[in-house]
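Engineer: One line per chain: the protein sequences are W and B, in this order.
Per my numbering, the very first residue in the first sequence carries number -19; after that it's consecutive.
Per my numbering, the very first residue in the second sequence carries number -19; after that it's consecutive.
One thing to keep in mind: the hints can contain errors.
Heads up, the list lumps identical chains together, so a pair's fine if it works in one copy or across two of them.
Below, in silico cross-link-like pairs of lysine-lysine (DSBU-like), each with a Cα-Cα straight-line distance of 35 Å or less [as the list claims (entries may be wrong)]:
| # | residue 1 | residue 2 |
| --- | --- | --- |
| 1 | 237 | 296 |
| 2 | 237 | 0 |
| 3 | 299 | 74 |
| 4 | 23 | 186 |
| 5 | 26 | 0 |
| 6 | 296 | 23 |
| 7 | 186 | 87 |
| 8 | 237 | 299 |
| 9 | 74 | 237 |
| 10 | 186 | 26 |
| 11 | 299 | 0 |
| 12 | 186 | 296 |
| 13 | 237 | 87 |
These aren't lab readings, by the way, just hints derived from the structure by calculation.
The structure displayed is predicted, hence computed values, not measured ones.
Number of protein chains: 2
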Amino acid sequence: MAETPIIRFGILGCADIARKLSRAIYLSPNATLSAIGSRSIDKAAKFAAANNFPPSARIYGTYDAVLNDPDVDAVYVPLPTSLHRRWAVMAAEKGKHVLLEKPVALKVAELDEILEACRLNGVQFMDATMWMHHPRTAAMREFLSDVERFGQLKTIHSNFSYIGGPDFLTNNIRVNPDLDSLGALGDIGWYCIRAILWAANFQLPKTAVALRQPVLNEAGVILSCGSSLYWEDGKIATFHCSFLTNLSTDLTALGTKSNLRVHDFAIPFEENVASFHVTSQFGWPMVSERSVECEVPQEALMVREFANLVAAIMRKGSKPEERWMAISRKTQLVLDAVTASIETGFEPVEVVSPLGE
Amino acid sequence: MAETPIIRFGILGCADIARKLSRAIYLSPNATLSAIGSRSIDKAAKFAAANNFPPSARIYGTYDAVLNDPDVDAVYVPLPTSLHRRWAVMAAEKGKHVLLEKPVALKVAELDEILEACRLNGVQFMDATMWMHHPRTAAMREFLSDVERFGQLKTIHSNFSYIGGPDFLTNNIRVNPDLDSLGALGDIGWYCIRAILWAANFQLPKTAVALRQPVLNEAGVILSCGSSLYWEDGKIATFHCSFLTNLSTDLTALGTKSNLRVHDFAIPFEENVASFHVTSQFGWPMVSERSVECEVPQEALMVREFANLVAAIMRKGSKPEERWMAISRKTQLVLDAVTASIETGFEPVEVVSPLGE
């Protein structure tokens, strides 16, 4: 059997989240830290030194240099959202596989340019929504899909919030209209929307109606908002995201035969074990807890899965796995509809793709 | 010290819920089961025999007879909502104190007639929302009011659902337009609204916008619905109630410094102990559980509190406690606004009192 290739990662920029991803790449047996690029080569060097980059890793003072490095197979792009289109498209054109931080784009038309570039160049695309790769997520999916146990899904609620604090609310890229104009909706509402779509087995809602009273900063960036979502079959969902509220990451899915509740869906409270709660099958509906062990952090499982897909393309000439593109695109479509509903004064907005679904 | 009087209860009708209340009266040291009236005297006799009524209790074939019984101090009224105005007003006019099942009325104007009759006749009014009287509720209130620990309340979500089943959905009074035309909104949405108002320290929201896609039966009775609620100070809440979804009774309150979550707020999973979850004060926000013991069932605590208020009026000439009227009325005002929003096609409806707040 041919040896499985070790996928060589380059990282564009030294964002905070890139530290976590560097560790994930370091912990993944099929991935290695190959290059880091920043607009400041000093910053890049310090980042590499602090994050377990091997001595052989290249340190660059530009993002282009990473993309031109023939010893980079894949790039992780944690740049501000407004830069995603430019750098993700360029990465694909340079034949690099793309692991793209969320939110993937400012709107679906931008994402479509990225996805088109990936398709044209035969590279793998995946967004960096880590919890999708936790084994708990698979266990919860199995529970939700068990018609005998869970029944039919009727209602979903999710919230994701954290306190930004005065410095964050003034200086963070997540509240800067030129860098991350989607604000809290892009940064954490993304997770709520993804979790709701995931619970609905990625069936798109037909309509979004934003909740009223979103909080915007002076530049019009969302600090807090929410939405209701409606499906053809009668399912409904609500979510709320905020930079102005204590940390919460909840998902509740109510079915006709049971409920599923998880209070740390995006980032488990513990790295090695994570739990969720379901209605007990017997007697007065007490809640029973199910725990799922996780040998490696969820972000390392994400890197491993991404690198496996890249390896299959590189070694066997496999086609890129389209599923991850579809999931990103659906998340972005709902995000766009929520944004449009806020912009139109909380009118219902159809969740429709410019290209059809 | 004068002996505390034992308040003598009459019950109007043999509703299922009256069994629980009979037990609660039986368990309350300051209350006794004095009379039961039903349109069928046989049914009343069977009910009394099955529910620990003492031999001295009177069995009547009409509701009027209970109200005319001089040995009845207070009545518990679990009749269908459409009958509340008639019988609660008459009870007050006969000088009986009124413990009224929820939803208290079909609309606030009806409730106002009931409250006016209670005021004019100097009798105590309380709605039978049992969980308000559980010691856990006081513990949670203390936590929410602790600015150092909980901070400022920002967002609330509640859901209450259960599966009605085919027979329920065909025959139950809760889906009969002539008896309980508010359907799921009155039966269980009442609890969500009450819980949200309770969390907001009974500050009224200024606006309600119902969620879309409520499910109505052929007669127009709500089987499933929800709403968003908006306060002047930026707080928002959402709730969902349904007869078509597995049992759930959740309340989540998110503050600037902590969160409170309870999964059995209306009826605790266990009778003698109940818990809620708050964000831990230290480190990565794990959730910590707080348990509160309850020596007697919450419905018996409700009866005890009600009977104490009645005793103070009877023994010391105290004024009826107005707080319970105000709480009922605010709950009904929000319920009315949600109903109006559904009826007007999900338009925002101001939560305003016909009499001013």
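Engineer: Hint by hint, which ones does this structure get wrong, listed from lowest number up?
Structural biologist: Those not satisfied are hints 1, 4, 6, 8, 9, 10, 12.
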